[in-house]
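Residue numbers (this note's numbering), protein chains in the order written: chain U, 1 to 332; chain D, 1 to 332.
Treat the hints loosely; a few may be bogus.
Cross-link-like lysine-lysine pairs, in silico, DSSO-like; alpha carbons within 30 Å at most [as the list claims (entries may be wrong)]:
id, chain 1, residue 1, chain 2, residue 2
1, D, Lys-6, D, Lys-74
2, D, Lys-6, U, Lys-200
3, D, Lys-188, D, Lys-200
4, D, Lys-6, U, Lys-258
5, D, Lys-6, U, Lys-6
6, U, Lys-6, D, Lys-200
7, D, Lys-200, D, Lys-258
8, U, Lys-6, D, Lys-258
9, D, Lys-188, U, Lys-6
10, D, Lys-6, U, Lys-188
11, U, Lys-6, U, Lys-74
12, U, Lys-188, U, Lys-200
13, U, Lys-258, U, Lys-200
Calculated directly from the structure, the hints in this document are not laboratory data.
Quick caveat, the model's predicted, so the values are computed rather than measured.
There are 2 protein chains.
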Amino acid sequence: MPKLRKRLLLDEWVILAPERADRPRHLDLSLSSAKADTCPFCPENEAITPPTIASWRSEEFAEEPWAVRAIPNKFPALRVEEPVQPHSDRLYESIGGVGAHEVIIESPHHDTSWESLSATHLALILGAWRQRMTDLRGDRRLRCAMLFKNHGARAGATLAHVHSQLIALPLVPSGLQAELDGAREYFKDTGRCAICDMLKRERQSGERLVIENDAAVAVAPYASRTPFEIWILPRDHHGDFMAADPSLVAGIAELIEKLLPLWSEAIGPVAYNLVLHCLPFDLLDEPYYHWHLELLPRTGQVAGFEWSSNIYINPTPSEVAARHLRNLASRR
Amino acid sequence: MPKLRKRLLLDEWVILAPERADRPRHLDLSLSSAKADTCPFCPENEAITPPTIASWRSEEFAEEPWAVRAIPNKFPALRVEEPVQPHSDRLYESIGGVGAHEVIIESPHHDTSWESLSATHLALILGAWRQRMTDLRGDRRLRCAMLFKNHGARAGATLAHVHSQLIALPLVPSGLQAELDGAREYFKDTGRCAICDMLKRERQSGERLVIENDAAVAVAPYASRTPFEIWILPRDHHGDFMAADPSLVAGIAELIEKLLPLWSEAIGPVAYNLVLHCLPFDLLDEPYYHWHLELLPRTGQVAGFEWSSNIYINPTPSEVAARHLRNLASRR
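Isolated chain U (complex conformation) (with noise of 0.2 Å):
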């Protein structure tokens, strides 16, 4: 039975899931040992994953039974079943498992990944998510949806079959929040988005700018975590991900089909991370906060320092990283 428990000193939580001990621990390391024949994500094995949520079809895949499939996750994080069940004194909190925790499989075929997915197949996807967000957002205890993909074992995957996660949560986690409030406070004092001003300082600048179309820009941005980490920005300010019309979306993928080969061309194939951020469910008409994309590549580890400090060392500034995509971009 999952449940929630506040971290000492902190406004941030812990998940704890005893069911999870139970996941198939040996695919952590390496993930070539997860064969196609025995995936649980390939179709004509639906039987071994827990029954399917919702499915899409799609042209590219007219042979396949489905082209993008979600499903709850086998050793869920938190469940919609369990009761919230507050428990508090001053020093220990904890609260109730209360929540969903889905995978969504973007594709029938086992060896692929988003690099090599049509812009066309990707807009299928990111119109998935917003489909079992929105359907989510229904359930007055959840407060909001993390949408998230970890591409490779070093990134945190556990299976290489293609696919996306979605845990919906019923408190609003303190790295989303902490994001909320420092814009709601630039918002306060400059009667603009921070991330409005972003866009246009880049687009002027040009320095830390990638490729951009009409419905959105890749910039490496300022303060990058990690050499290459990328930011993908509707030019379009808005808060609620689940509002994006079919051409905003079909925009957005094809930026994607053509950043993800430059990347992949300058630092190689590696493993990454990627993090829809958007606004919690109870606030979508606040007009602070500007939905985005992170693309977080994982070259280095997460060490003692960066755990307890929340600070990230990089050695490559963002505007080297931006040109030689450019670069890149430009020889095409």
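Based on the hints, put chain D in the right spot on chain U.
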């Protein structure tokens, strides 16, 4: 020239250290290639490291030139020579990378780890930490020092030879600041130190207690981020690690000497981070904080969810981990 850049929307910083790009990166993936004859931390190879800052001798290693040795990191994240040079507009902010980055080589012997070291030697290492921190405290531009150990490649170590690191910073990192804020608030509300209260509670209930002696207590914290996370808490209240007297240091070293073999018996040879948590230099007289050590085994990877939310998913309740370690201790 290292710089600190502030992350957009956040009170969190990134150290931009281009010189660190020259580090021997092939060692990142596995430490097995680091052989004693080419190891920069072995005696007789002192010429290939920056010059010694301080060294300590001991009877145990009477035949060696030194038992513990502190040197500047060859690829420093921060340097004392840097000017502070703050630059700020409302959107982006940076300061010069002023600070110190030292390596404490913890034994002249290449093939050893804290688990094989005697309590006497561990006390010498903790004493070296204390002295290095006390020395750096003299520089008024530095606000605090983070002392940490990365053991094993998965925990971020790049060299196999047993060592720890000290990074002194011109600011208080958000990870520590959040703890200080929580501790100050608890003290304001209750008139007591939260860690003193935690100590009392854990010694009374015993359910998360691992081992203890007259100097300190080893506890699996209520909201453990990873399976078998352990905190080592000095029994007497003190926020200033530098004020620890030799008998306290010796008592803590004895506790660590007993704890590590139990820990290793329970979870096998595992990569880990050990971090010292203590007050910043300019707050040493504050009554609300209690210095301690946090020991984090690196059994999983930090993935997209953890990066973006600061929420960790842990399958092993701290009560289960503590009971297992107590059982192992009782059989010795």
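How the hints compare with the structure:
1. For the given pair, Lys-6 of chain D sits about 25 Å from Lys-74 of chain D by alpha-carbon distance, which is consistent with the 30 Å threshold.
2. A threshold of 30 Å between alpha carbons decides the hint, and for Lys-6 of chain D with Lys-200 of chain U the separation of about 19 Å falls inside it, so the pair holds.
3. Restraint check for Lys-188 of chain D and Lys-200 of chain D: the C-alpha separation of about 19 Å stays at or below 30 Å, so the hint holds.
4. The hinted pair formed by Lys-6 of chain D and Lys-258 of chain U meets the criterion: a straight-line CA distance of about 29 Å does not exceed 30 Å.
5. Restraint check for Lys-6 of chain D and Lys-6 of chain U: satisfied, since their Cα atoms lie roughly 27 Å apart, inside the 30 Å limit.
6. Straight-line distance between C-alpha atoms of Lys-6 of chain U and Lys-200 of chain D comes to about 19 Å, which keeps the hinted pair within the 30 Å bound.
7. For the given pair, Lys-200 of chain D sits about 22 Å from Lys-258 of chain D by alpha-carbon distance, which is consistent with the 30 Å threshold.
8. With a C-alpha separation of about 29 Å, the suggested pair Lys-6 of chain U and Lys-258 of chain D falls inside the 30 Å cut-off, and the hint holds.
9. Of the pairs offered as hints, the one joining Lys-188 of chain D and Lys-6 of chain U holds, with about 19 Å between alpha carbons and a cut-off of 30 Å not exceeded.
10. Taken as a hint, the Lys-6 of chain D and Lys-188 of chain U pair is honoured in the structure, with Cα atoms around 19 Å apart against an allowance of 30 Å.
11. Taken as a hint, the Lys-6 of chain U and Lys-74 of chain U pair is honoured in the structure, with Cα atoms around 25 Å apart against an allowance of 30 Å.
12. A C-alpha spacing of about 19 Å is found between Lys-188 of chain U and Lys-200 of chain U, which places the hinted pair at or below 30 Å, so the restraint holds.
13. Of the supplied pair hints, the one linking Lys-258 of chain U and Lys-200 of chain U holds, its CA atoms being roughly 22 Å apart against a limit of 30 Å.
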